[in-house]
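Protein chains in written order, with numbering that gives the first Met the number 0: chain Y, 0 to 361; chain P, 0 to 361; chain F, 0 to 361; chain U, 0 to 361.
For the record, the hints were derived by calculation from the structure and aren't laboratory data.
The structure displayed is predicted, hence computed values, not measured ones.
A hint or two may mislead.
No distinction is drawn between identical chains; accordingly, a pair holds when it is met within one copy or between any pair of copies.
Derived lysine-lysine pairs resembling DSSO-like cross-links, with alpha carbons at most 27 Å apart [stated by the list, open to error]:
#, residue 1, residue 2
1, K180, K225
2, K54, K3
3, K142, K260
4, K260, K149
5, K327, K54
6, K169, K149
7, K216, K356
8, K216, K149
9, K110, K356
10, K226, K169
11, K327, K113
12, K71, K121
Protein chains: 4
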Amino acid sequence: MTRKINVALIGYQFMGKAHSNAYLQMPRFFESDTVPVMRVICGRHEANVQAAATKFGWQEWSTSWEAVVKRKDIDLVDVSTPGDSHMPMAVAAAKAGKVVFCEKPLANNLKEAKKMLAAVQKSGVLHMICHNYRKAPAVTLAKKLIEEGKLGDLYHFRGTYLQDWIVDPKFPLVWRLDKRKAGSGALGDLASHVTDLARFLVGEISEVSAVLETFIKERPLVDNPKKTGTVTVDDASLAIVRFENGAIGSIEATRFAPGRKNYNERLNELELYLRDDPHYVQGFRNILVTEGGGVHPYVGAWWPPGHLIGYEHTFVHAVYDLMQAISKNKLPSPNFEDGVKNQAVLEAMESSSKSKKRVKVY
Amino acid sequence: MTRKINVALIGYQFMGKAHSNAYLQMPRFFESDTVPVMRVICGRHEANVQAAATKFGWQEWSTSWEAVVKRKDIDLVDVSTPGDSHMPMAVAAAKAGKVVFCEKPLANNLKEAKKMLAAVQKSGVLHMICHNYRKAPAVTLAKKLIEEGKLGDLYHFRGTYLQDWIVDPKFPLVWRLDKRKAGSGALGDLASHVTDLARFLVGEISEVSAVLETFIKERPLVDNPKKTGTVTVDDASLAIVRFENGAIGSIEATRFAPGRKNYNERLNELELYLRDDPHYVQGFRNILVTEGGGVHPYVGAWWPPGHLIGYEHTFVHAVYDLMQAISKNKLPSPNFEDGVKNQAVLEAMESSSKSKKRVKVY
Amino acid sequence: MTRKINVALIGYQFMGKAHSNAYLQMPRFFESDTVPVMRVICGRHEANVQAAATKFGWQEWSTSWEAVVKRKDIDLVDVSTPGDSHMPMAVAAAKAGKVVFCEKPLANNLKEAKKMLAAVQKSGVLHMICHNYRKAPAVTLAKKLIEEGKLGDLYHFRGTYLQDWIVDPKFPLVWRLDKRKAGSGALGDLASHVTDLARFLVGEISEVSAVLETFIKERPLVDNPKKTGTVTVDDASLAIVRFENGAIGSIEATRFAPGRKNYNERLNELELYLRDDPHYVQGFRNILVTEGGGVHPYVGAWWPPGHLIGYEHTFVHAVYDLMQAISKNKLPSPNFEDGVKNQAVLEAMESSSKSKKRVKVY
Amino acid sequence: MTRKINVALIGYQFMGKAHSNAYLQMPRFFESDTVPVMRVICGRHEANVQAAATKFGWQEWSTSWEAVVKRKDIDLVDVSTPGDSHMPMAVAAAKAGKVVFCEKPLANNLKEAKKMLAAVQKSGVLHMICHNYRKAPAVTLAKKLIEEGKLGDLYHFRGTYLQDWIVDPKFPLVWRLDKRKAGSGALGDLASHVTDLARFLVGEISEVSAVLETFIKERPLVDNPKKTGTVTVDDASLAIVRFENGAIGSIEATRFAPGRKNYNERLNELELYLRDDPHYVQGFRNILVTEGGGVHPYVGAWWPPGHLIGYEHTFVHAVYDLMQAISKNKLPSPNFEDGVKNQAVLEAMESSSKSKKRVKVY
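Please take these sequences and the hints and turn them into a complete structure.
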């Protein structure tokens with residue numbers, strides 16, 4: 000028998016769209032005894048949330064997340080809103096006994112993140128954070144190779160998340176450039192992804208030295224381009240990190256890298272160098288991570304080898320993993336503990352940038 | 000008001016899955032006043048077709064395509080079966096006055112292809128062939144650049160479609176290696192794609208010199224691996240072509256290229272060299288074809304810049320174009336005329352390989 | 000004791016410069032008991048040949064190759080002139096009992112090439128043809144891998160040599176576009192290189208189907224740009240080939256590929272796919288062929304791993320191989336037999352282009 | 000009239016070989032009214048220095064650099080020894096009124112570097128430091144593009160110099176791992192190169208936060224592999240830098256990056272993104288920096304477009320620039336002032352790694 004999980008999604012913009020698609024597609028491509036039911040989508044603007052519901056096939060829509068998270072017919076609350084609302088929503092959902100699936104970064108600061116973790120632990124509900132890139136088959140394969148010891152001891156990590164959408168000084172002061180709403184800039188939006196992959200692949204980060212920079216300090220207001228306002232978040236964050244296992248690394252995130260949109264445009268490929276190969280044929284091999292039949296993770300559910308998947312598929316994989324976890328009543332990965340640890344690294348980076356000192360991560 | 004097009008899909012395997020997904024996704028991402036309704040899916044094996052219907056949300060399923068194509072409530076017949084059945088299905092659908100959307104190659108030979116074109120023309124129905132790669136944004140952009148004259152006169156075309164799935168001599172004699180079922184091997188399956196892109200981007204092909212080769216002539220039977228049977232199609236086809244506009248080119252397709260699964264793994268990228276750039280900065284530029292806002296074709300409907308789309312999206316674009324054509328009652332592109340011309344090129348290649356002479360394409 | 004080989008070089012332009020540099024550099028980087036002595040350089044224009052002699056340190060210069068090739072103090076004659084003079088020079092050198100080292104293509108046609116081979120065989124002198132790309136470490140490594148059976152049976156060869164220097168219709172009618180002087184265009188200049196690599200790596204070519212094309216048929220005269228003359232060679236040559244061992248391939252050469260200067264810009268890298276790798280880590284590996292210590296061929300003589308060598312080094316390697324062959328009184332490779340076989344393939348391509356038929360190579 | 004500059008080279012190993020080759024090749028490829036004469040090579044081991052002299056054509060050899068640098072017939076002293084001897088040699092050469100050309104890093108510490116600068120300034124002699132990568136045509140072109148404003152304001156610099164030659168813990172304790180001899184490890188050997196390029200392309204560095212790490216702290220002794228000794232230099236150095244112009248960057252150097260030998264294996268290519276391109280064709284362009292005729296720097300002296308140059312050519316370009324500077328009696332670039340500034344950055348990195356604080360560069 001198929002078990003149905005009634006989902007309430009809060010948020011209908013970029014992430015709301017990605018999550019809606021994931022709920023829609025998962026059962027169509029993956030075999031699973033536990034499947035999501037797209038029960039209700041929530042948002043503040045009635046017309047917009049209604050349109051989103053129609054577009055993606057949600058059974059209902061609502062403008063009150065507070066009411067929805069308490070509904071008895073809801074099993075899972077998905078928090079896909081900007082960071083400043085994650086904490087109250089997740090806490091309320093946890094209190095109501097729902098599985099909580101939350102977008103990254105977990106919160107806008109470490110204090111809120113810890114509250115969220117405490118809430119889900121207290122309620123004993125399952126929880127997951129949507130660090131979708133862990134679910135890219137190439138990343139999952141990298142993890143497997145490291146765990147198998149194929150790479151030997153790890154000495155270095157280099158991670159960059161590069162975008163260019165605000166390099167024009169005339170680009171307006173949108174909400175993502177407002178600390179109250181977004182918490183931080185490139186740091187929380189992008190460096191959080193790299194930090195998650197660093198932790199996933201290499202291990203816990205113990206110390207950071209960082210520089211956060213705002214290159215363009217004043218920008219035109221969205222509503223009144225003749226006036227300007229102050230950018231209160233970082234345009235770029237750059238950090239050196241030390242891992243507990245002795246490796247060192249760099250984590251860079253920026254919105255000022257002309258020509259780079261996400262810099263992960265070859266999502267289906269993994270570059271691998273194996274020191275055990277015979278010396279004369281050693282070289283970085285480019286693995287096209289699209290083999291089904293259990294050779295490569297996730298991709299067998301989609302298309303034959305060599306047929307690419309894209310960005311949105313990582314969300315489908317995350318939902319698949321979440322459903323498997325619910326099926327087995329087992330904590331999914333990554334979860335709010337990862338979210339808290341991630342936030343602690345980000346907070347150490349901010350702190351280091353201010354103090355100009357190397358900072359321990361707690 | 001939204002116009003609804005009731006679709007009957009014949010076939011539920013690889014292409015059936017790709018088409019089902021396309022009908023499902025198109026209205027969720029694209030704005031269109033004409034949208035498909037997933038009315039009925041047809042197939043020979045009842046259990047399988049029923050499972051496919053459930054999986055992808057078809058309202059009904061049937062094991063009789065003959066009955067379905069005549070149904071009054073069907074507007075569009077989608078032929079996604081192996082090549083040997085295209086002709087009878089498309090002809091029947093045309094006679095019944097349905098829009099016909101057919102997988103490539105149009106038929107297993109030129110004679111059948113011409114019958115199909117004659118049928119749709121006689122009935123006056125709209126028709127389209129699913130050469131999905133034309134709908135990859137990078138290809139559509141290349142076409143636009145050529146039409147704008149950005150590349151100047153065209154002298155050369157090089158197209159390769161490389162796979163490796165039968166390089167092992169023990170791989171069994173599946174239906175795709177049986178001429179009666181598949182019509183041809185790499186030629187119809189893969190070279191037809193390259194030929195379509197050559198025609199789309201450069202122009203009509205006037206002459207071909209070709210070699211078709213079957214490297215492994217006997218293979219184990221699927222049902223009885225101790226016995227072998229004869230491979231009756233080509234493992235690889237290699238052709239030199241001349242275009243009507245004076246350009247020359249090569250079209251290669253093979254299932255014997257170790258390491259190549261499809262050789263289009265960077266589907267979101269276009270390499271472009273412009274001779275008009277200042278001399279000291281001339282170079283091949285790698286265009287990440289993911290900009291929305293009308294900058295790059297199709298992609299604005301999906302995700303922000305830098306977020307990749309994959310293989311399946313090309314089918315969604317094809318369905319979108321088909322719906323737009325239906326909406327305007329205008330012949331979509333590519334259509335059965337393209338299918339016939341494509342088939343004529345393939346047939347000339349086969350003929351050239353046998354006669355060892357350069358052959359004109361009629 | 001070091002054995003000294005007195006060299007007479009005929010030609011001081013592009014190839015003369017490359018060969019001069021090779022004689023100069025070889026003993027400075029390679030250990031060899033046989034070394035070249037730069038005795039005399041020959042050319043028709045006195046001032047130019049004198050300048051070349053001074054520049055590169057030739058002991059003498061001369062305007063009479065006829066006199067020089069007979070000199071008793073000369074051991075080796077190096078023919079680095081345009082193709083129309085190769086035959087008389089090589090034949091005279093052979094008759095005089097000299098080692099003959101000749102630039103490619105061996106001659107402007109098969110008949111002349113055969114005369115040259117007959118002459119060196121009759122005289123019993125050592126002979127070598129300068130197909131320098133065989134001496135690129137990446138190519139030599141590829142050969143080794145094939146001989147070891149690492150690639151298994153070979154099914155496909157794809158070789159392109161792409162340039163763009165005459166794509167502008169106003170580019171003048173230089174000697175390389177004159178059949179009397181150059182023998183052919185892209186065919187002899189570029190396709191001869193690809194043909195040599197095809198023979199070296201895959202084996203003998205048995206049949207060809209080819210198209211030779213001259214896109215721009217009239218060009219301005221060098222001396223009088225207001226007048227035009229007829230281009231008598233091919234701008235591009237494109238061929239399908241069959242090898243004796245059953246493999247098929249394509250050989251393309253053109254001077255009309257905008258943006259491509261030689262298309263071998265990553266000379267130190269070899270892309271290799273091994274089907275024997277564990278399935279989940281299979282991928283094309285990029286081998287940086289710069290490891291010394293006997294791991295990779297030739298490069299140990301130059302710099303530590305990771306320090307690139309360039310185009311000119313392939314000529315140094317050729318001279319090194321030639322000296323080793325002289326030292327052991329053993330026929331070097333490639334030699335005039337290769338030159339004749341190469342010429343036979345080129346001639347078959349020309350013939351096929353005219354007859355529009357597949358042509359056997361004799 | 001050609002002016003001849005008598006050169007004394009101290010050192011005959013890796014750098015001695017590279018410099019010898021540069022003196023040899025420069026006048027053979029470049030037009031210059033000032034040319035080096037290979038007068039004398041110095042080294043401690045008589046047999047070795049004699050062999051080097053013979054190999055590369057030095058007129059004399061000597062085991063006493065002290066005597067040589069005072070000789071009246073010497074115009075230029077080239078210091079290509081390990082870092083611990085740079086200071087005394089350069090100071091002595093300066094006092095003797097010679098042009099001084101010194102390998103990088105200028106010295107093993109800032110104090111010595113400043114002494115060297117003071118010495119050449121006091122004597123009024125010309126001086127140059129051999130940061131050869133500035134002379135790679137791709138780097139020189141990048142500088143030109145930045146100076147022209149083609150890249151607009153600079154926000155980010157990312158530089159990595161990656162090697163892997165000591166990743167095996169059994170690799171012995173060679174002199175490069177001994178602080179007394181080498182001054183530092185990856186920092187002075189590799190990060191100095193990246194720092195030079197950062198200063199050349201972006202501007203002066205004002206602050207650094209760095210981590211230096213020694214992953215393998217004990218290694219077998221060279222002479223007695225059964226015993227081990229302590230590694231006293233860094234295996235890797237990783238720094239965040241701030242530039243005076245507001246840009247931020249990272250500078251990484253390591254000998255623990257498996258598969259990377261130098262990570263500059265595409266020395267002839269420059270990746271460039273121009274925001275001024277029409278939006279729909281924006282992309283990173285790969286410029287093959289091999290066009291002569293004044294289009295690209297230096298390369299016109301070598302071979303036609305598309306024919307690669309390698310590592311050693313950067314030294315030839317440095318010697319060419321040095322000769323031009325001598326000809327015009329103008330300070331060459333980069334010179335000891337650059338050496339001192341570079342050393343100040345490296346010293347700040349060491350200091351920051353120890354203090355765990357962001358450090359200003361003086």
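Structure-based check of all given hints:
1. Only within a single protomer do K180 and K225 lie at most 27 Å apart by alpha-carbon distance; the minimum there is 23 Å, versus 62 Å between protomers.
2. In this assembly of identical chains, the alpha carbons of K54 and K3 lie at most 27 Å apart whether taken from the same copy (21 Å) or from different copies (15 Å).
3. For a Cα distance limit of 27 Å, the shortest separation of K142 from K260 qualifies both inside one copy, at 25 Å, and across copies, at 24 Å.
4. Taking identical chains as interchangeable, the C-alpha atoms of K260 and K149 lie at most 27 Å apart only when they sit on different chains, with a minimum of 20 Å there against 32 Å within one chain.
5. Proximity of K327 and K54 under a CA criterion of 27 Å is satisfied inter-copy only: 23 Å between copies versus 32 Å inside one chain copy.
6. In this assembly of identical chains, K169 and K149 lie within 27 Å of each other by CA distance solely across copies; the values are 19 Å between and 48 Å within a copy.
7. Proximity of K216 and K356 under a CA criterion of 27 Å is satisfied in both settings, with 24 Å inside one chain copy and 26 Å between copies.
8. For the identical chains of this complex, K216 and K149 are inter-copy neighbours only, at 23 Å across copies versus 46 Å inside a copy, given an alpha-carbon limit of 27 Å.
9. For the homomeric pair K110 and K356, the shortest alpha-carbon distances inside one copy (22 Å) and between copies (26 Å) are both at most 27 Å.
10. Within a single copy, K226 and K169 get their C-alpha atoms as close as 11 Å, which meets the 27 Å cut-off; across copies the closest is 55 Å, which misses it.
11. Proximity of K327 and K113 under a CA criterion of 27 Å is satisfied intra-copy only: 26 Å inside one chain copy versus 56 Å between copies.
12. For the homomeric pair K71 and K121, the shortest alpha-carbon distance inside one copy (19 Å) is at most 27 Å, but the shortest distance between copies (59 Å) is not.
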